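Asker: Listed below, chain by chain, are the residues.
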Amino acid sequence: MRGAHSLARNDRDAARPAFDVEKVRADFPILRVMAHGKPLVYLDNAATSQNPRQVIEAESNYYATSNSNVHRGIHYLSERATSAFEASRDKARDFLHARDRAEVIFVRGTTEAINLVANSFVRPGLRAGDEVLISTMEHHSNIVPWQLACEATGAKLRVVPINEAGEIILSEFERLLGPRTRFVSLVHVSNALGTVNPVKQMIAMAHAQGVPVLLDGAQAAPHVVLDVQDLGCDFYAFSGHKAYAPTGIGILYGRREHLEKMPPYQGGGDMIRSVSFEKTTYNDLPHRFEAGTPNVGGAVGLGAAIDYMNEIGREAVEKHEAGLLAYATEKLSAVPKLRIVGTAKHKVAVVSFLIDSIHPHDMGTILDLEGIAIRAGHHCTQPLMQRFGIAATARASFGCYNTKEEIDALVAGLDKVLEVFA
Amino acid sequence: MSDLRDLYQEVILDHSKHPKNFRCLADPSRKAEGYNPLCGDRITLYLKMDDGVIRDIGFQGSGCAISKASASMMTAALKGKSADEARAFFERFHRMITSDPADAIDADDLGKLTVFSGVREFPVRVKCASLAWHTLRSALQGGPEEVSTE
Numbered sequence: 001m002r003g004a005h006s007l008a009r010n011d012r013d014a015a016r017p018a019f020d021v022e023k024v025r026a027d028f029p030i031l032r033v034m035a036h037g038k039p040l041v042y043l044d045n046a047a048t049s050q051n052p053r054q055v056i057e058a059e060s061n062y063y064a065t066s067n068s069n070v071h072r073g074i075h076y077l078s079e080r081a082t083s084a085f086e087a088s089r090d091k092a093r094d095f096l097h098a099r100d101r102a103e104v105i106f107v108r109g110t111t112e113a114i115n116l117v118a119n120s121f122v123r124p125g126l127r128a129g130d131e132v133l134i135s136t137m138e139h140h141s142n143i144v145p146w147q148l149a150c151e152a153t154g155a156k157l158r159v160v161p162i163n164e165a166g167e168i169i170l171s172e173f174e175r176l177l178g179p180r181t182r183f184v185s186l187v188h189v190s191n192a193l194g195t196v197n198p199v200k201q202m203i204a205m206a207h208a209q210g211v212p213v214l215l216d217g218a219q220a221a222p223h224v225v226l227d228v229q230d231l232g233c234d235f236y237a238f239s240g241h242k243a244y245a246p247t248g249i250g251i252l253y254g255r256r257e258h259l260e261k262m263p264p265y266q267g268g269g270d271m272i273r274s275v276s277f278e279k280t281t282y283n284d285l286p287h288r289f290e291a292g293t294p295n296v297g298g299a300v301g302l303g304a305a306i307d308y309m310n311e312i313g314r315e316a317v318e319k320h321e322a323g324l325l326a327y328a329t330e331k332l333s334a335v336p337k338l339r340i341v342g343t344a345k346h347k348v349a350v351v352s353f354l355i356d357s358i359h360p361h362d363m364g365t366i367l368d369l370e371g372i373a374i375r376a377g378h379h380c381t382q383p384l385m386q387r388f389g390i391a392a393t394a395r396a397s398f399g400c401y402n403t404k405e406e407i408d409a410l411v412a413g414l415d416k417v418l419e420v421f422a
Numbered sequence: 001m002s003d004l005r006d007l008y009q010e011v012i013l014d015h016s017k018h019p020k021n022f023r024c025l026a027d028p029s030r031k032a033e034g035y036n037p038l039c040g041d042r043i044t045l046y047l048k049m050d051d052g053v054i055r056d057i058g059f060q061g062s063g064c065a066i067s068k069a070s071a072s073m074m075t076a077a078l079k080g081k082s083a084d085e086a087r088a089f090f091e092r093f094h095r096m097i098t099s100d101p102a103d104a105i106d107a108d109d110l111g112k113l114t115v116f117s118g119v120r121e122f123p124v125r126v127k128c129a130s131l132a133w134h135t136l137r138s139a140l141q142g143g144p145e146e147v148s149t150e
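Going line by line, the protein sequences match chains A and B. Residues in the first sequence are numbered from 1 upward in steps of one, following our numbering. Residues in the second sequence are numbered from 1 upward in steps of one, following our numbering.
So that you can see chain B by itself, here it is in the shape it has in the complex (with noise of 0.2 Å):
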């Protein structure tokens, strides 16, 4: 079984500590609000669209560590990145939490997000990591007002 410093790393417990990007924006382009129903993490998220870019990203919540962090890494990724390329880094995210342990970490130029691997040991816990991604996703399209992660 997978350490505990494999999911709670020290870069992930910071971001839970500290979010980044943790605001709600004045005026923002699209807005959209993500529920686990499981165990009650909200988030609401902020985005501020300029031809195509995320000019600026805010979300608002409650969550576990790992929800938390995964939102506050999130933000910080995706800000000046075009909405094509937000929606790729959500797909490899995903691929990359949801992969078998036994298979070799594709981080596939995910960067620092790259610390949410340690997530693919703990099956409970992805729908925590991968909450802000959804509802990123749900902004981006302009989806409904909240998406779920059941």
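Just chain A, with the same shape it has in the complex (with noise of 0.2 Å):
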């Protein structure tokens, strides 16, 4: 099965034309802006990605053809939209490798995906005592939900420790799943550090023990291809954002065992079979999870994402940044006094760096000035600076429309940065 599935894909990309970066930067419009007069070296994507004008152009053209409420109108424009927004809940379903679409719901974006299984499907079984499960390297998105969780509860949240390269201690991850262990939610591609974790292995862990797990999927999904099926998870998270697509709009994966047996997340419209002031019941999965009027505009935009990266060839991308982060590796690495901050065997092209005393602000303000934008800061993730004793890193992150010769721009701007902290 798996080994037709991936045959099928091979195929696809054998008809494809060779991967053309140049090709690719001509479809993001963004691209072509000049900052503070220097042409725009955009390296920020783990942030958010730019949108292709394929994108760009479905939503528009959502709203100029098709703008209506979904599911309830009987009249041609609802059904136009309602036709729109279930397309792009399978393609979602066939990015993720889903079964079921049943099991594709449209969320805000990560950050709603995660609060909406904590609240629904976790914290009414959790009692004092019992514990969740995440890593050093979470994003606040996958901690703080699980606080709220705990803090409700009782319940105590367990933090798996990570090694100096930024790599989960599966050992350790091990030894903390135990009778008490309830959830265990893990980011897949860490967002300040790049690791993609052996999410897969430690799923199979967790399962031995009987515990379900979440993956963070905002850092992968632009970069990994993606497989629930294989990776076995029990619900899958990620954002349109990092993905080429509008803000606003994400997916949360949930196997349909689980799906069906959780209470709804948030009461309203298009949630409900049938409403009275004595018993209301609930609509059928997915719905029963997308209670109001969805960001339609959002899910056609994020369909065109999938369609355009499935179009430029997954597999094909991830080979041109796994080429992008060799590159950025060992040219950062040859700047003066600067140290990568994750240095992990397996990564996606993000680079966190320091150097020598130099705040990541200062580097981030002078880099601007060149037109180059990268994240300086923590990331979101405090904690996990916390555990390399630092407050902040500066970081350059790729995605498919980067260059090398965007790579030697971010290299000449460190030496900036250099010259004037001399």
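Simulated from the structure, these hints should not be mistaken for lab results. Computed from a predicted structure; not experimentally measured. Glycine included, every Cβ here is placed at the ideal spot set by N, Cα and C. Honestly, I wouldn't trust all of these hints.
Footprint (simulated), chain B over chain A, 3 or more residues, beta carbon under 8 Å [unchecked claim]:
id : region
1  : 357-371
2  : 379-392
Listed next, the in silico DSS-like pairs over lysine-lysine satisfying Cα-Cα at most 27 Å (straight line) [said to hold, decoys possible]:
id : chain 1 : residue 1 : chain 2 : residue 2
3  : A       : 200       : A       : 156
4  : B       : 17        : A       : 337
5  : B       : 17        : A       : 416
6  : A       : 91        : A       : 261
7  : B       : 112       : B       : 79
8  : A       : 337       : B       : 112
9  : A       : 200       : A       : 91
10 : B       : 112       : B       : 20
11 : A       : 404       : A       : 38
Chain A is faced by these chain B residues, among others (derived, beta-carbon under 10 Å) [claimed, not checked]:
id : residue
12 : 17
13 : 53
14 : 66
15 : 67
Hey, can you piece these two chains together into the complex? The hints should help.
Answerer: Dropping the structure here:
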């Protein structure tokens, strides 16, 4: 089954023309912006990626030709809007290789998806003394919802440590998976370090103890080919805006047997079948978890982004980005006094670094004047920064449209930083 | 757009590398913590007050060049000043770094602190330059233990 599946994927790749980064760049209008009079070098993709014109046009076209409310109108536009919205759900199902479209829920983003699972799946069953397990490298959005659930129930949040390279220590994970562990919530790919965690193995380890697992895929979705059935995860969350789609739209995948048992997260329109003041019956999956009018335009944009990623080739992009990571690691390592934070064996194209005692914000400002956008700060991972004994890092994160020339521009910009702070 | 050197003037870089009064006071009469959650910059400010006058002042903490230099030059400027004079300095300094870049710089007797006028061209860095000053105001008021720029 899996073999046939990947064969089909390879066939698609074989039929596709070779990856051409200049052609990809031409699809992104924002890359023609001049920043402070210099050509924009956008290396902040881990915060938000840019939208290709195919996505911008799909969203704009939706508002120009189909805008309406979904699932309730009986008129022409409502039908068009509903079918565009539901077509995007099918695209997201394919993107995740989920079994069933009812397992694909539209949310605002990864944060909402995690909160949904924390509140509807985990919290109702948590008792004092139970444990929820996360890792040191979680984004705040995969820490705080669990702290809230633990505070409300008397459960404990346990944290799996990482090594100096920024990799989860699997023996510690195994040790912490105990009889009181009720849930594991893990980042698939670290936004601050770029580490790709061995999630398939970790899910198997958790399942061996009967513990369900959520993967925070915000950083993985644009870079790694996903297959939730192969990974075996119980839940998978990602955001559109880090995967070449607009902000305000994301996906929660949940296994049907879990979703069916979960109480609704929010009450409102669209999530009900019938309402009376005495009793309300809820709608079927996935609508039960989609209260209120959804972000239809955003969902259409996400569908177009998924089409776009498939069109340029997911494996081809992975290969291109692996080349960028290798080049950036080599060139940045050669910058005097530069230290890379996060040196895991398996990484996506994210490079966090420090130079001597120069504060990342100072680097950020100087690079900005060169037209180079990086992120400087704690990357919403303050406990991770504490683990490394630092307050912040500078981070360059790459996407499908970045080039080696842009890495050269970054290195030249860092030379300027060194000149100012000589 | 403004030039890099408007922000990172030599005197600012000097102070960031070799900050003045970068020490804790053994027996401070006032102490306050400042925190910028955006970038994680932290400062602890110590004051020794005598008869309403700042007799000694020191700071510790970590931060970017702008926040460190601002704290250093603030402490240098305020030693020997009265609490009222220090508050007036805060107001004038804050006005200067948040003024419209199109307007003429109103340094208003800020002396050496005028080097921070370039900060107004960089709105995201205003909080860096003002962290020490917000902490000072809190210390003078004997207000909450930690002030935040947010």
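Asker: All hints are to be evaluated individually against the structure, with a verdict given for each.
Answerer: Hint check:
Figure legend: the region 357-371 of chain A, annotated as covered by chain B; annotation consistent (8 residues with Cβ-Cβ distances under 8 Å, at least 3 required). Coverage of a stretch by a chain is defined here by at least three residues with a beta carbon nearer than 8 Å to that chain's beta carbons; for the region 379-392 of chain A and chain B the count is 4, and the condition holds. This hinted pair checks out: residue 200 (chain A) and residue 156 (chain A) have alpha carbons roughly 25 Å apart, not beyond 27 Å. Annotation: proposed proximity of residue 17 (chain B) to residue 337 (chain A) holds, straight-line Cα distance about 16 Å (limit 27 Å).
Proposed proximity of residue 17 (chain B) and residue 416 (chain A) is supported: the alpha carbons are some 17 Å apart, at most 27 Å. The hinted pair formed by residue 91 (chain A) and residue 261 (chain A) meets the criterion: a straight-line CA distance of about 25 Å does not exceed 27 Å. With a C-alpha separation of about 14 Å, the suggested pair residue 112 (chain B) and residue 79 (chain B) falls inside the 27 Å cut-off, and the hint holds. Between residue 337 (chain A) and residue 112 (chain B), the direct Cα distance comes to roughly 32 Å. Violation of the 27 Å bound is thereby established for this hinted pair.
For the suggested pair residue 200 (chain A) and residue 91 (chain A), the alpha carbons sit about 23 Å apart, so the restraint of at most 27 Å is met. Simply put, residue 112 (chain B) and residue 20 (chain B) have alpha-carbon atoms about 14 Å apart, close enough for the 27 Å limit, and the pair holds. Annotation: proposed proximity of residue 404 (chain A) to residue 38 (chain A) holds, straight-line Cα distance about 17 Å (limit 27 Å). For the restraint placing residue 17 (chain B) at the interface with chain A, the shortest Cβ-Cβ distance is roughly 8 Å, inside the 10 Å limit, so the hint holds.
Hint status for residue 53 (chain B) relative to chain A: violated, with the closest Cβ pair at about 33 Å, above 10 Å. Given the 10 Å rule on beta carbons, the hint for residue 66 (chain B) holds: about 7 Å separates it from the nearest Cβ of chain A. Taking 10 Å as the C-beta cut-off, the interface hint given for residue 67 (chain B) holds, the closest approach to chain A being about 8 Å.
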